Amino acid sequence: MMTDFALIIGEALVDLVKRADSNEEPTGHPGGSPLNVALTLGRLGRPVELITWVGQDGHGQQILDHVTESGVLVKDEWKNAHHTATAMALLDQSGAATYQFDIDWDLPHTISIPSEAIFVHSGSLGAALKPGRDRVLEAFELARETALVSFDPNARPTIMDPAVQTRPVTEAFIRNADLVKVSDEDLHWLYPDLTTAEAIAHWFDISSLGLAVLTQGKEGPVAWTREGLRVERRPSSVDVVDTVGAGDSFMGSLINSLWARNLTGRAGAKALGSLSVNDLSSILDEANAVANVTVSRAGANPPWAHEL
Numbered sequence: 001m002m003t004d005f006a007l008i009i010g011e012a013l014v015d016l017v018k019r020a021d022s023n024e025e026p027t028g029h030p031g032g033s034p035l036n037v038a039l040t041l042g043r044l045g046r047p048v049e050l051i052t053w054v055g056q057d058g059h060g061q062q063i064l065d066h067v068t069e070s071g072v073l074v075k076d077e078w079k080n081a082h083h084t085a086t087a088m089a090l091l092d093q094s095g096a097a098t099y100q101f102d103i104d105w106d107l108p109h110t111i112s113i114p115s116e117a118i119f120v121h122s123g124s125l126g127a128a129l130k131p132g133r134d135r136v137l138e139a140f141e142l143a144r145e146t147a148l149v150s151f152d153p154n155a156r157p158t159i160m161d162p163a164v165q166t167r168p169v170t171e172a173f174i175r176n177a178d179l180v181k182v183s184d185e186d187l188h189w190l191y192p193d194l195t196t197a198e199a200i201a202h203w204f205d206i207s208s209l210g211l212a213v214l215t216q217g218k219e220g221p222v223a224w225t226r227e228g229l230r231v232e233r234r235p236s237s238v239d240v241v242d243t244v245g246a247g248d249s250f251m252g253s254l255i256n257s258l259w260a261r262n263l264t265g266r267a268g269a270k271a272l273g274s275l276s277v278n279d280l281s282s283i284l285d286e287a288n289a290v291a292n293v294t295v296s297r298a299g300a301n302p303p304w305a306h307e308l
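In the UniProt record's numbering, the protein residues as written are 1 to 308.
Simulated from the structure, these hints should not be mistaken for laboratory data.
Note that the structure is predicted; figures quoted are calculated from it, not measured.
Be a bit skeptical, because a hint or two may be false.
Said to hold, decoys possible - Below, in silico cross-link-like pairs of lysine-lysine (DSSO-like), each with a Cα-Cα straight-line distance of 27 Å or less: (1) K75 x K130; (2) K130 x K79; (3) K218 x K18.
With the hints as constraints, model all of the structure from the sequences given.
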């Protein structure tokens with residue numbers, strides 16, 4: 001009998017990290033929002049598979065070594081890209097990153113969703129760039145038969161279409177999602193004319209979402225359920241080295257926390273809308289704890305279970 005697992009779909013790339021005030025050669029770190037979510041789940045002890053598109057080159061091998069060390073499976077069929085994607089992250093003095101990308105997102109065939117995939121997640125470039133995004137959306141539509149489906153827009157305005165064109169694509173994914181996690185910056189970029197509450201309400205209106213979670217950096221997350229519950233949590237203060245991968249580790253923790261409460265598959269998806277204040281508060285606190293470790297050290301380096 002196969003083990004239940006989380007299926008994460010989207011870009012894996014090498015982040016070439018350079019400090020704006022430094023003349024040193026950039027250092028390479030595997031990254032990409034979906035990869036970081038998969039990495040977080042693997043380090044928290046969950047069986048996880050990453051569907052991505054990497055090349056048989058040095059950067060591709062660096063990515064595969066990195067995820068394998070954290071227990072993430074990448075099957076051979078996803079290792080035939082012409083070249084592995086890269087993102088140059090320029091860090092300012094506060095540690096915040098801006099990005100320049102070289103990415104070819106073109107999955108070679110339809111993604112099948114086995115019944116053992118009790119969570120399916122995507123977002124960021126994997127759900128935004130043509131032509132691969134169409135395959136990912138097809139996978140979301142299939143996944144709704146068996147899995148709890150989650151989505152994080154994780155916008156990259158420098159490489160994505162303008163917000164007015166990205167918005168309908170994002171909404172197509174939202175319509176097929178049970179859980180969405182979004183940063184305040186991304187929500188404002190997508191909906192500059194709406195308040196936060198209006199944008200979240202719009203997502204509930206157009207979809208069957210059970211749970212929406214907004215991250216706001218050090219201000220802490222806010223969550224809304226379909227039944228109208230609103231929960232806000234403040235994270236403990238932490239010395240920030242940089243914010244790379246923080247939101248992704250938060251997302252991975254959300255999935256892990258739902259899994260720990262047996263909120264998996266379609267039954268778990270249906271239960272999201274009626275989560276209690278206590279459960280939702282604990283889920284957000286756990287995600288804050290994971291993200292706090294991630295921001296306390298350089299790069300997208302989420303914690304292992306024993307560090308929490």
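Do the hints match the structure? See the list:
no.: 1; hint: K75 x K130; in the structure: holds (22 Å)
no.: 2; hint: K130 x K79; in the structure: holds (19 Å)
no.: 3; hint: K218 x K18; in the structure: holds (24 Å)
Hint compliance for this structure: every hint is met.
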